[in-house]
Every structure is written in C-alpha cells, then in structure tokens.
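> For reference, the chains in residue letters:
There are 2 protein chains.
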Amino acid sequence: MILPRNENELIKLLTGKWRYSPKVVCGVGDDCAVIAGASPGRYVLLKTDAIVEGRHFTAEAAPAKIGHKAIARVISDFAAMGGIPQFAVVTLFIPPSFNLKRLTAIYAGMDKTARAYGMNLVGGETTRATDFALNIAAIGEADKRHLTLRSTAKTGDLIFVTGSLGGSIKGKHLSFTPRLNEAKWLVRHFKPTAMMDLSDGLGEDLPRLASASGLSYQIDPGNIPRQRGASLDEALSDGEDYELLFTLPPSKSQNLQKAWKDIYQKLRLTCIGKMGSNKQSSTTLSHGFDHLRYK
Amino acid sequence: MILPRNENELIKLLTGKWRYSPKVVCGVGDDCAVIAGASPGRYVLLKTDAIVEGRHFTAEAAPAKIGHKAIARVISDFAAMGGIPQFAVVTLFIPPSFNLKRLTAIYAGMDKTARAYGMNLVGGETTRATDFALNIAAIGEADKRHLTLRSTAKTGDLIFVTGSLGGSIKGKHLSFTPRLNEAKWLVRHFKPTAMMDLSDGLGEDLPRLASASGLSYQIDPGNIPRQRGASLDEALSDGEDYELLFTLPPSKSQNLQKAWKDIYQKLRLTCIGKMGSNKQSSTTLSHGFDHLRYK
Chain L
2 MILPRNENEL
12 IKLLTGKWRY
22 SPKVVCGVGD
32 DCAVIAGASP
42 GRYVLLKTDA
52 IVEGRHFTAE
62 AAPAKIGHKA
72 IARVISDFAA
82 MGGIPQFAVV
92 TLFIPPSFNL
102 KRLTAIYAGM
112 DKTARAYGMN
122 LVGGETTRAT
132 DFALNIAAIG
142 EADKRHLTLR
152 STAKTGDLIF
162 VTGSLGGSIK
172 GKHLSFTPRL
182 NEAKWLVRHF
192 KPTAMMDLSD
202 GLGEDLPRLA
212 SASGLSYQID
222 PGNIPRQRGA
232 SLDEALSDGE
242 DYELLFTLPP
252 SKSQNLQKAW
262 KDIYQKLRLT
272 CIGKMGSNKQ
282 SSTTLSHGFD
292 HLRYK
Chain B
2 MILPRNENEL
12 IKLLTGKWRY
22 SPKVVCGVGD
32 DCAVIAGASP
42 GRYVLLKTDA
52 IVEGRHFTAE
62 AAPAKIGHKA
72 IARVISDFAA
82 MGGIPQFAVV
92 TLFIPPSFNL
102 KRLTAIYAGM
112 DKTARAYGMN
122 LVGGETTRAT
132 DFALNIAAIG
142 EADKRHLTLR
152 STAKTGDLIF
162 VTGSLGGSIK
172 GKHLSFTPRL
182 NEAKWLVRHF
192 KPTAMMDLSD
202 GLGEDLPRLA
212 SASGLSYQID
222 PGNIPRQRGA
232 SLDEALSDGE
242 DYELLFTLPP
252 SKSQNLQKAW
262 KDIYQKLRLT
272 CIGKMGSNKQ
282 SSTTLSHGFD
292 HLRYK
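In the order they appear, the protein sequences are chains L and B. Taking my numbering, the leading residue of the first sequence gets 2, the next gets one more, and so forth. Taking my numbering, the leading residue of the second sequence gets 2, the next gets one more, and so forth.
Don't read these hints as lab results, they were simulated from the structure. Bear in mind that the values here come from a model prediction, so they are computed numbers and not experimental data. No false leads were slipped in.
Identical chains share a label here; the pair holds if one copy fits it or two copies do between them.
Lysine-lysine pairs mimicking DSS-like chemistry, simulated, CA-CA at most 27 Å apart:
no.: 1; residue 1: K113; residue 2: K13
no.: 2; residue 1: K173; residue 2: K102
no.: 3; residue 1: K173; residue 2: K185
no.: 4; residue 1: K145; residue 2: K24
no.: 5; residue 1: K145; residue 2: K155
Start from the sequences, fold in the hints, and give me the full structure.
In structure tokens form, the structure reads like this:
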C-alpha cells in the first residue's frame, strides 16, 4: 500500500483516530493547534513547521533569508489564527558536511526575524541527517475573542486576500512579510468569520477553508490580485504567498476597505468573491501546491 | 570553516547570542525550555526532538516501537525537569516512497504511548525529505516547587541513577519506559537538587550536569549499574538509556533508598558517587554518545 498523493488524505488517514482532551479547542486541520485552560480569556497556540534544503530553499539561498523563512512561516500561521507567537525552539537537522559560517548566519537570520515580531528563541535540539533542515516549534497565544479558525466562514461572507499572489519562487518565498500586524488589526477591528494563511496557493487553500467550513465558494478569477508577471495559474498554484485569506459579512466590507486603505497604503486588499452554501458548487480552480506532490 | 565535532560547542556557537525575555526561566541547555507567567504556581515547558531513520532507528524496526520512541524520548525530557508533558504536534518528514501501512502503525504507536502518559497529540505538519524522520514538539507544565534543573546540583550532593545502563542498541532504545512516574514521585517526596535524563550516555551526560552546575564529580565506576552483558565502557558510552540522573543531599539518601525499594521494587536505584567543588577534579570517564560524532 503506497501513500496517497494528496496531503489532506494522508493527514486524515494518520490522525483521524486521534481523540482530543476537552481542553483542545482545535486540533489537526487549522494553522495552529489551540488549547484552552491556562489563563482565562486566552488560548494557547502550538505550531510545528519545517523547511528542508532542496525543497523549501536551495543551497545557494542567502543564509539570513533561510533563517527568516523558517521563522516567518510560523509567524504567518499564528497571524492566521488571530494570535501572536511568543516562544520557539529549533530542531537542526544537519548533514555530515556543512559550513559553520553559513549555519551561524542562518541562526542569526532566525533570531532577527523572531525578535522583529516579538518572538523569543529559547532552545532546541540537533541531529545528523541527510538533508539540511530546520524545524521550528512555537507556542503563543490568542485572545479568546480574537481567535479565528478556518472552519467558521458563513454563507454569503465575502472572501478577501491581502497582497498579490503568484511568482513567489522569484524571491518572495524567502523574504515575505508575515502578516502578523495586519491580522492583529483585522481581528481587533473587523473580526473575520474565518481566516488562514496562503501557503500552498489559493487554488489549494481556498478549497480547504471552504471544506473546513462546510461551504462552497464563488470567485471571479479575474479579480485575483497577481504579482507582476504572474499568470492566473501561477497566482492559484505557485504557493508560498504567505498572504491572509479571510471571510467577512458583506455588511462590514465597505468599512473594512476604507479603513484598510487608510492604514495599509502599500498592501493590497482584494475582495475575490463570496462563500456559497454547501448546496452550491464552487468555482473550478486549478490546483495549488501540495507538499506531497512532486512537480 | 567546518563544524565543530562536538554538539555542545556547536550549540554554544549558534545560540550563545540569544537574549531571553524575562519570562524565560531556562533557555538553551536543559532538557526543556521553561517559561513563566501563564498561570501562578506553574511553569510552561517546551520541547522539540527528532528521530531520523538510519540514525535513531532502522528501516527494520517495528513501526509501533518507532512511534513509541519518538514520543517516549520527549516524555523522558519532561520527566527530567520534574514536569509533565501535555500536548504534542508532529512534523512528518517523508521520503518519496514510503509504505502507508508502516506509517499508520508508527502513528498508532505514537498515539498509544502519548495516551499512556497523559499526553495528547493535537496537530502537525508534513514535508517531503530524503530521510524519513519524525519531529515531536511538546508543551507541558511543572509546578514551580517541583521544577528541577540540571544546573543546580550542590557540592557534596550524592549522585543517583535509575535502572541499568548500556546495551540499549539491543532493543531498549526502542522500548524503554520513560521515567515520568518515578520523576513525579521523586520531585514530590525528595526534591532532587538537579536532574536530567540519560540520553547520550553517563560519560557524556554527567559531565554536562556537573558543568551546568559549575561543579566536579567523583564516581566509582565499579558502582555504575550495568545492563546484563554491558561492559563499563558500554554503560558509559552507548547512550539512549533514558534513565534519570539526579543529585540529592546525603542527608536524604537513606530515606530515599528505603522509600524507593518500597515503591519501585523492579527498578534499580544506585548511588554512583558525589558532586565535588569546582576546585576538585572529576573522575575521568570515557566519552558518551555525541549526536554530531559519527561512529
């Protein structure tokens, strides 16, 4: 029996029998795990994520950017829940020959990005391996009023994305800005009904949000904000955009768009469509990036 | 510039400049990171750890045991701090061809061991990689009165180890019992001055405890409890014993040994020596297992 070629199916097979303690607000299936109980009014968020050389970055990538990417991906996941990252530990997978100068520059890059977003690196582990890889595990928190899942969109909600999609391989995948501040502002002032970050491409991630919410979606592909030079297919499928995808009742849309323009002049915010009921059919999208599919 | 061949030196080079927030009770250098502030009277513990095929287990190992090992190593680290593990997330590093039946059995093994020790698997991530590997990141807690670091041994304290050392490669490294219950009992009833788990062999780990505490140690190698068939060198160097190493004032020794015999009839507890001042010299030990040294 070989592996399913789809990551969603594999995760379901591996974790479908897990039973959560009553403290678990959200387990497998969202950007972070969410746990209740430590302090009133707040949830604990827990995340693990890895980047692997040859897959998430090349041997030629600037070391500081590799460090940035490792940490910023995790920050993006906390942002997507309406939370903040606080403390992280690093597992270093290290091949037999590796340049120390490069490694220290990667670690400096991790530390710099962590600090820039209020996060503190506090420990880790090392092991030998064939691939060079970094696993980041982080804890953080979210105000209970601000926690935003991907599974809670409502029929009729409008769908928004920040920034421009596609073409991340040209450099953005290593130097992107995780939308932590924007997400903090959003959950405080406009409380999206659902949110996630775009890591695998809108064509993969929007169906995930819709499926988690038990809904369909109708979008106008012509509305999808594209990076300069990116085709529609690339905007849907390249992945690694690390932008926010969120939903909101139409009644809030006008105020949001006005307030957004005032505060985030340089970052686009685009309404790309709306959520439909589970009886409607979704717009057909080409597929996004699946980590288990080789290109 | 190539890598230092010693794991301790490498970690110092990579993390020596990290600056911790005031909430960080213990960063790099102990079995878990320790964070204050979430709830009064308790600390949050955070740990990351990976096992890699070909290094921590072979392709022929029983899948359930691979899963057990991944989780039990982490439980052992929480035990070593006087804490308890609560929630964990798994990063799966998966090579292009991998048997799904084996993988589901590994995941079932992880879940079974996690539950057996009151821990809940709550999420994860998957990525393609050359090596099959599992990274476990876990959070848990420790009562402030029970937290036990490796850096707080006192001159004159007696040194104890649980169980028998050496020969783990014959099978114990895959099927060991993490000493969570024993450690809970110890910190409640006898509060060791310092504690850690033996993952890299007494010959590597005792010097770490002594160095962290700024002390020396004098042990009688003849007293080291050995697995049947294990030589002294193997007991010192094989590693992966996952037993507890701890220190205690001599005044508590007799009561401890009596109480231990009453409650843990089947698990040895051995006094192997005592901590000396930083002006004394330590007993010479052959080296333990260093994860960055190829054998």
